[in-house]
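Undergrad: Mapping of the sequence shown onto the working numbering: residues 1 to 117, in sequence order.
Treat the hints as calculated values from the structure; they're not laboratory data. Hints are not guaranteed to be accurate.
[As the list claims (entries may be wrong)] Label-pair restraints from in silico Cβ distances:
no.	residue 1	residue 2	range
1	13	55	30 to 36 Å
2	10	59	20 to 26 Å
3	53	15	16 to 22 Å
4	55	22	18 to 24 Å
5	14	60	19 to 25 Å
If you're wondering where the values come from, they're calculated on a predicted model, not measured in any experiment. Here a beta-carbon is modelled for each residue, glycine too, at the ideal position from N, C-alpha and C.
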Amino acid sequence: MDVRNRDVAISGGAATINQYLRGGLIDELRTHIAPVTLGAGERLFEGAPALDLKLVSARPASLLTTSPAWSAAEPVVAGMSGGPTGSTGTRIRLHRATKAQDRASTPQNGFRLRSEA
C-alpha cells in the first residue's frame, strides 16, 4: 500500500510532536491547550526549526469545571498547593465524564480536567 500523500494523525506530548517537527514531517497542527497541572513539562516547538504557521481556526472548549467543595479523600495532582489548613493554591484532578452532554465535549480518553479552588 502506498502511504505517500496520505493523512496521518500523530497523538502525543511535546517530545513526540517535536521529533516530527524537527524532521519537517508536519504540515498541520491541531493543538489542545490545557493549563499546566504538574508544574513542569516539555515545550512544544523546542528545538524545532522556525515555522511559517498560519492560524486556520480556533474555538474555546469548556473542559475546566470549578467546584468550591472538596474532601481530604479526593485525589490531588502532585505539586499543587492548598488544603484544609487554608493555604493558597488550586487543587486539580481528573474525573471521568458521566453525563451524555459532558461526554460530547470531552476528549476521547473520557477524562475532563477539574480545578478546585
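Undergrad: None of the hints should be skipped; say for each whether it holds.
TA: Hint check results:
A hinted range of 30 to 36 Å for the beta carbons of residue 13 and residue 55 is inconsistent with their spacing of about 22 Å. Distance hint check: the CB atoms of residue 10 and residue 59 are about 21 Å apart, consistent with the given range 20 to 26 Å. Separated by about 20 Å at the C-beta atoms, residue 53 and residue 15 satisfy the suggested range of 16 to 22 Å. Range check, residue 55 to residue 22: Cβ separation about 22 Å, and the 18 to 24 Å hint holds.
One distance hint, 19 to 25 Å for the beta-carbon pair residue 14 and residue 60, holds here, with the actual separation near 22 Å.
Hint 1 alone, counting from the list given before, is not met by this structure.
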